[in-house]
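As they're listed, the protein sequences go chains A and D. For the first sequence, our numbering gives the first residue as 1, with consecutive numbering after it. For the second sequence, our numbering gives the first residue as 1, with consecutive numbering after it.
Treat the hints with care, since some could be wrong.
Below, computed lysine to any residue pairings styled on SDA-like, alpha-carbon distance capped at 25 Å [as the list claims (entries may be wrong)]:
(1) A:K81 <-> D:A50
(2) D:K38 <-> A:N306
(3) D:K161 <-> D:Q86
(4) D:K38 <-> A:G367
(5) A:K81 <-> D:A32
(6) A:K81 <-> D:K161
Only some residues are given here: those of chain D computed to face chain A with a beta carbon under 8 Å [unchecked claim]:
(7) I47
(8) A49
(9) T53
(10) G59
(11) Y74
(12) P75
(13) T150
(14) R152
Since the hints were derived computationally from the structure, they do not count as laboratory data. Just so we're clear, the structure is a prediction, and the values are computed from it rather than from any experiment. Backbone N, C-alpha and C define an ideal beta-carbon position, used for all residues, glycine too.
Now for the letters of each chain:
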Amino acid sequence: MASLLHQIQHQSVTIDAPLPLDSGQSLPSVTIAWQSYGALNADRSNALLVCHALTGDQYVASDHPATGKPGWWARMVGPGKPIDTDRFYVICANVLGSCMGSSGPATPDPATGAPLGMDFPVITIGDMVRAQAMLLDHLGIARLHAVVGGSMGGMQALAWAAHYPERLVSAVVIASAARHSAQNIAFHEVGRQAIMADPDWQDGQYYGSARSPAKGLAVARMAAHITYLSEEGLTEKFGRRLQARDIKSFGFDADFQIESYLRHQGLAFTDRFDANAYLYITRAMDYFDLAEPHDGQLAGAFARSNEVRFTLVSFDTDWLYPTAESRRIVQALQSVGAAASFVELSAPFGHDSFLLDVPALDRLVAGALQSGAA
Amino acid sequence: MTLRPDLAIIADAVPAGARILDIGCGDGTLMAALRDDKRVDARGLEIDAANVTTAIARGLSVVQGDANRDLSGYPADGFDYAILSQTLQTTERPDRVVDELLRIAPRAFVSFPNFAHWRVRLSLLWNGRMPVTRLLPVAWYATPNIHHVTVRDFRELVRAKGIKVDAVWYLNRDRTTGDAAASWRAEHAIFLISRG
Numbered sequence: 001m002a003s004l005l006h007q008i009q010h011q012s013v014t015i016d017a018p019l020p021l022d023s024g025q026s027l028p029s030v031t032i033a034w035q036s037y038g039a040l041n042a043d044r045s046n047a048l049l050v051c052h053a054l055t056g057d058q059y060v061a062s063d064h065p066a067t068g069k070p071g072w073w074a075r076m077v078g079p080g081k082p083i084d085t086d087r088f089y090v091i092c093a094n095v096l097g098s099c100m101g102s103s104g105p106a107t108p109d110p111a112t113g114a115p116l117g118m119d120f121p122v123i124t125i126g127d128m129v130r131a132q133a134m135l136l137d138h139l140g141i142a143r144l145h146a147v148v149g150g151s152m153g154g155m156q157a158l159a160w161a162a163h164y165p166e167r168l169v170s171a172v173v174i175a176s177a178a179r180h181s182a183q184n185i186a187f188h189e190v191g192r193q194a195i196m197a198d199p200d201w202q203d204g205q206y207y208g209s210a211r212s213p214a215k216g217l218a219v220a221r222m223a224a225h226i227t228y229l230s231e232e233g234l235t236e237k238f239g240r241r242l243q244a245r246d247i248k249s250f251g252f253d254a255d256f257q258i259e260s261y262l263r264h265q266g267l268a269f270t271d272r273f274d275a276n277a278y279l280y281i282t283r284a285m286d287y288f289d290l291a292e293p294h295d296g297q298l299a300g301a302f303a304r305s306n307e308v309r310f311t312l313v314s315f316d317t318d319w320l321y322p323t324a325e326s327r328r329i330v331q332a333l334q335s336v337g338a339a340a341s342f343v344e345l346s347a348p349f350g351h352d353s354f355l356l357d358v359p360a361l362d363r364l365v366a367g368a369l370q371s372g373a374a
Numbered sequence: 001m002t003l004r005p006d007l008a009i010i011a012d013a014v015p016a017g018a019r020i021l022d023i024g025c026g027d028g029t030l031m032a033a034l035r036d037d038k039r040v041d042a043r044g045l046e047i048d049a050a051n052v053t054t055a056i057a058r059g060l061s062v063v064q065g066d067a068n069r070d071l072s073g074y075p076a077d078g079f080d081y082a083i084l085s086q087t088l089q090t091t092e093r094p095d096r097v098v099d100e101l102l103r104i105a106p107r108a109f110v111s112f113p114n115f116a117h118w119r120v121r122l123s124l125l126w127n128g129r130m131p132v133t134r135l136l137p138v139a140w141y142a143t144p145n146i147h148h149v150t151v152r153d154f155r156e157l158v159r160a161k162g163i164k165v166d167a168v169w170y171l172n173r174d175r176t177t178g179d180a181a182a183s184w185r186a187e188h189a190i191f192l193i194s195r196g
């Protein structure tokens, strides 16, 4: 499956300049696959960067080239939508380390031509953002009207505001956090171990072989998928209902609907995602802690960000990145005098709420982008 | 947009370009007026998610939070004015909230319904009942107003704290009324206070 995935052609640019990484290593050059929607205005002031989540991609509002499904945020981005492409030039780039055309573990080693696999350096959220900044330099865009993202996309938006405050007017951070908690890291580690325990993983060098760690990746996705939903949502959607049967099998088939659902989610995921990319991106998220370089003081990360307008949104059923994490960010922003908005929205879908039909979120995003408008 | 009379008085008194924090800002009506008419850098704190959503949707900077707990997160002197309108009497410790206002900003507007208004007095005197009036429309068991306060009570509080009163406006039936006998004639008072 992974080989099919890597045969897809993506719009991309290769920048022949070294990308220094937080690990101390650097990439000699970087390829960034990206999509855009709308038109850049004459004074280049209407560009808006959408940052995608862990398993997202640059196809924010266009059909996914592997699955044919509509873009992951098509409900939010488009003409007349909250992120209005009649007004904004919307850019979405595949993150560094991913598998939809940007530099990552499937990128060929320039010396041998073989995929790097685990020789690709470990990257961070900061590195992803640095690569995006290189893309914007390449596009001649000095300043963004906004950086918008949910979940890991929100982490990138926060990193943008912390590292490049002069390059954005506003940041919209949805269902996110300024650090990964022990619980967040724990769930990711389960996923990584599932992949690495799959004999078909082959220490990450499976690209040339007929086998790929689809089973391990599917289990990783199943575990992660549970964290994206709320208990209430699961109970409402599946309860203890049985799948296409009237009685329990007294075996290990998918007796319950929730089992069948998770298996399907896990399997479908392997058609559109690369196991190594999953390892690298989850690692980047685990390393994320904006306060760490500032002796644990999050305000230190935003010391230069007081001109950026922030909008933060959490969801009451999101236990992956709970409201307290957003409040912590708001407090840090208030202490540096940044204009910050925050609201906890009520939605039944858990962490996934940021991707789903929550009309209040649409109004908030539209309002956040309207403020300080050119 | 027509502002509520007490808000109109505050809006009029805030100088152009000031930095303000509106605590209990509701849907941001006052903030929007100050931003649009006076280029004021307005921030808000509001407990109700629907109100916060409406305020953010109109492009305002509003944080969902509770005046009882969340004022401590604001740095000292981050604003020129703090505004607390119709909220003091709903807080758990109004005295501490007043301290917080004058920590966050050197000056603060505080407005509240006067519990010594003659209608309130009459209600207690004649009926022996907690008053339900135009400004205090909810029965005692359901009212959010847990610390009723009178004009004299508030004057006494700020005097004891060494806080200066820079200006006072009294409202009766939505019109300003004089200082004379304001203690019983004013339905509503707006104080502009500053650090002593």
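Hint check results:
1. This hinted pair checks out: K81 (chain A) and A50 (chain D) have alpha carbons roughly 21 Å apart, not beyond 25 Å.
2. Between K38 (chain D) and N306 (chain A), the direct Cα distance comes to roughly 21 Å. Compliance with the 25 Å bound is thereby established for this hinted pair.
3. In summary, the hint linking K161 (chain D) to Q86 (chain D) is supported, as the alpha carbons are separated by about 21 Å, within the 25 Å threshold.
4. As the CA atoms of K38 (chain D) and G367 (chain A) are separated by approximately 20 Å, the hinted pair is consistent with the 25 Å bound.
5. At most 25 Å may separate the alpha-carbon atoms for a hinted pair to count; K81 (chain A) and A32 (chain D) meet this at roughly 24 Å.
6. Taking the CA atoms of K81 (chain A) and K161 (chain D), the gap is about 52 Å. The hint is violated against a cut of 25 Å.
7. Below 8 Å, beta-carbon pairs count as interface contacts, and I47 (chain D) has none with chain A, the closest being about 11 Å; its hint is therefore violated.
8. With a least beta-carbon distance of about 6 Å to chain A, the hint placing A49 (chain D) at the interface is held under the 8 Å criterion.
9. Against a cut-off of 8 Å between C-beta atoms, the interface hint on T53 (chain D) holds, since the closest Cβ of chain A lies about 5 Å away.
10. Contact between G59 (chain D) and chain A, as hinted, is supported at the beta carbon level, the nearest pair being about 3 Å apart and thus within 8 Å.
11. Here the hint on Y74 (chain D) is kept, as its CB sits about 5 Å from the closest CB of chain A, short of 8 Å.
12. At a threshold of 8 Å, the smallest CB-CB gap from P75 (chain D) to chain A is about 5 Å, leaving the interface hint in force.
13. Interface restraint check for T150 (chain D): the shortest CB-CB distance to chain A comes to about 33 Å, outside 8 Å, so the restraint is violated.
14. Annotation: R152 (chain D) was flagged as interfacial toward chain A, and the flag is violated, the nearest CB pair being 35 Å apart, outside 8 Å.
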